[in-house]
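2 protein chains.
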Amino acid sequence: MDALENIMTRRSIRNYTDQDISDEDLTRILKAGMSGPTCANTRSWTFIVVRERKTLEKMAAANGRAADALKKAKVGILVCGDMERAFKPAPDYWIIDGAIAAQNMILAAHALGIGSIWLGTYPQMERVKGQIKLFNLPESAIPHSIIAFGYPDLQASQNLPMPPPDAPQPPPGFPREKGAFEPKRIHYEKW
Amino acid sequence: MDALENIMTRRSIRNYTDQDISDEDLTRILKAGMSGPTCANTRSWTFIVVRERKTLEKMAAANGRAADALKKAKVGILVCGDMERAFKPAPDYWIIDGAIAAQNMILAAHALGIGSIWLGTYPQMERVKGQIKLFNLPESAIPHSIIAFGYPDLQASQNLPMPPPDAPQPPPGFPREKGAFEPKRIHYEKW
Numbered sequence: 007m008d009a010l011e012n013i014m015t016r017r018s019i020r021n022y023t024d025q026d027i028s029d030e031d032l033t034r035i036l037k038a039g040m041s042g043p044t045c046a047n048t049r050s051w052t053f054i055v056v057r058e059r060k061t062l063e064k065m066a067a068a069n070g071r072a073a074d075a076l077k078k079a080k081v082g083i084l085v086c087g088d089m090e091r092a093f094k095p096a097p098d099y100w101i102i103d104g105a106i107a108a109q110n111m112i113l114a115a116h117a118l119g120i121g122s123i124w125l126g127t128y129p130q131m132e133r134v135k136g137q138i139k140l141f142n143l144p145e146s147a148i149p150h151s152i153i154a155f156g157y158p159d160l161q162a163s164q165n166l167p168m169p170p171p172d173a174p175q176p177p178p179g180f181p182r183e184k185g186a187f188e189p190k191r192i193h194y195e196k197w
Numbered sequence: 007m008d009a010l011e012n013i014m015t016r017r018s019i020r021n022y023t024d025q026d027i028s029d030e031d032l033t034r035i036l037k038a039g040m041s042g043p044t045c046a047n048t049r050s051w052t053f054i055v056v057r058e059r060k061t062l063e064k065m066a067a068a069n070g071r072a073a074d075a076l077k078k079a080k081v082g083i084l085v086c087g088d089m090e091r092a093f094k095p096a097p098d099y100w101i102i103d104g105a106i107a108a109q110n111m112i113l114a115a116h117a118l119g120i121g122s123i124w125l126g127t128y129p130q131m132e133r134v135k136g137q138i139k140l141f142n143l144p145e146s147a148i149p150h151s152i153i154a155f156g157y158p159d160l161q162a163s164q165n166l167p168m169p170p171p172d173a174p175q176p177p178p179g180f181p182r183e184k185g186a187f188e189p190k191r192i193h194y195e196k197w
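Residue numbers (my numbering), protein chains in the order written: chain S, 7 to 197; chain V, 7 to 197.
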């Protein structure tokens, strides 16, 4: 797919068909994740790739109600920060490095026809602790986000669940539409 | 360009030609930035787009030595968090929302033949304070990152500056190559 079209047509996909994701495509997705920029080229991330249904269910249970899509996903990838590699003068750049890797994986998946949804983990510390416990992570690994992957089940997606009740309402005058262009959010030359 | 190829061929570009970036392409880049996922669809970002040379130079001066590329850039975009929109149960998701938007802009630019480099601002607070002061930002806006854009000057880029001296060295056994695939960074099913 064309690169710009790929970026603009990505949507969060919460329902998946039974079709498996090939090892080849999974590697392409992971390569995309590792090809993004990182702070001072620290590459301060690690990935846990999960296909086992029981583990996906446990990951979902430890990540709050919004993570239900993971139970139906074919693959879940837990992006972790690698604090041994984090930029010493400002270690919290790991949060940005992890986000870049995750977004690259989501875009690569979409280019391959694979849907995905981003499930936030950090900075919700009860979720972070839940994933640490589940995977018995070393101290250097901090759970960042989980990306659920699978081929889109478009029929099921016509009945998308409502957004979680704690989702804030957009302020008046701002569009509700996801991915919408909002010229009002851009300042030119000065604030 | 093909979407996967676009992701895999992106490199940080620090030298630019004199060619201007059209308003049309700039809008495409900003649309891509706003099309990424955000935490609970909060869209907790704002963008300051700068073309004026003097302002670009001031932005660079306030953002540390690594920001020198910005002085030569045709456009600089300061991505800011919008804390009025941040997810109330865990406001620090703004850091991830901003990173997704910035990476989408970098990939969209590359698809248009426009080079860019990511200049870290947050969480280096002296840089954050410098940008706040420069743009006289309201309390709700937190500088996140600056992306410098311009058409790649490939001739100048053959003499790329050395990485900053505070860049950590990769641990033994890890590749220095940027964007390299590192299978050792992937765990399957468990840590």
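Keep in mind that the hints were calculated from the coordinates and are not lab data.
Mixed in with the good hints, there may be bad ones.
Identical copies go unnamed one by one, so any copy, or any two together, can satisfy a pair.
Unchecked claim - List time: in silico SDA-like cross-link candidates among lysine to any residue, alpha-carbon distance up to 25 angstroms:
#, residue 1, residue 2
1, Lys139, Lys196
2, Lys196, Arg71
3, Lys135, Ala162
4, Lys37, Lys190
5, Lys80, Thr61
Computed from a predicted structure; not experimentally measured.
How the hints compare with the structure:
{"no.": "1", "hint": "Lys139 with Lys196", "result": "between (46 angstroms within a copy, 12 angstroms between copies)"}
{"no.": "2", "hint": "Lys196 with Arg71", "result": "between (41 angstroms within a copy, 23 angstroms between copies)"}
{"no.": "3", "hint": "Lys135 with Ala162", "result": "neither (32 angstroms within a copy, 47 angstroms between copies)"}
{"no.": "4", "hint": "Lys37 with Lys190", "result": "between (36 angstroms within a copy, 12 angstroms between copies)"}
{"no.": "5", "hint": "Lys80 with Thr61", "result": "within (11 angstroms within a copy, 48 angstroms between copies)"}
Checked against the numbered hints above, the structure breaks only hint 3 and satisfies the rest.
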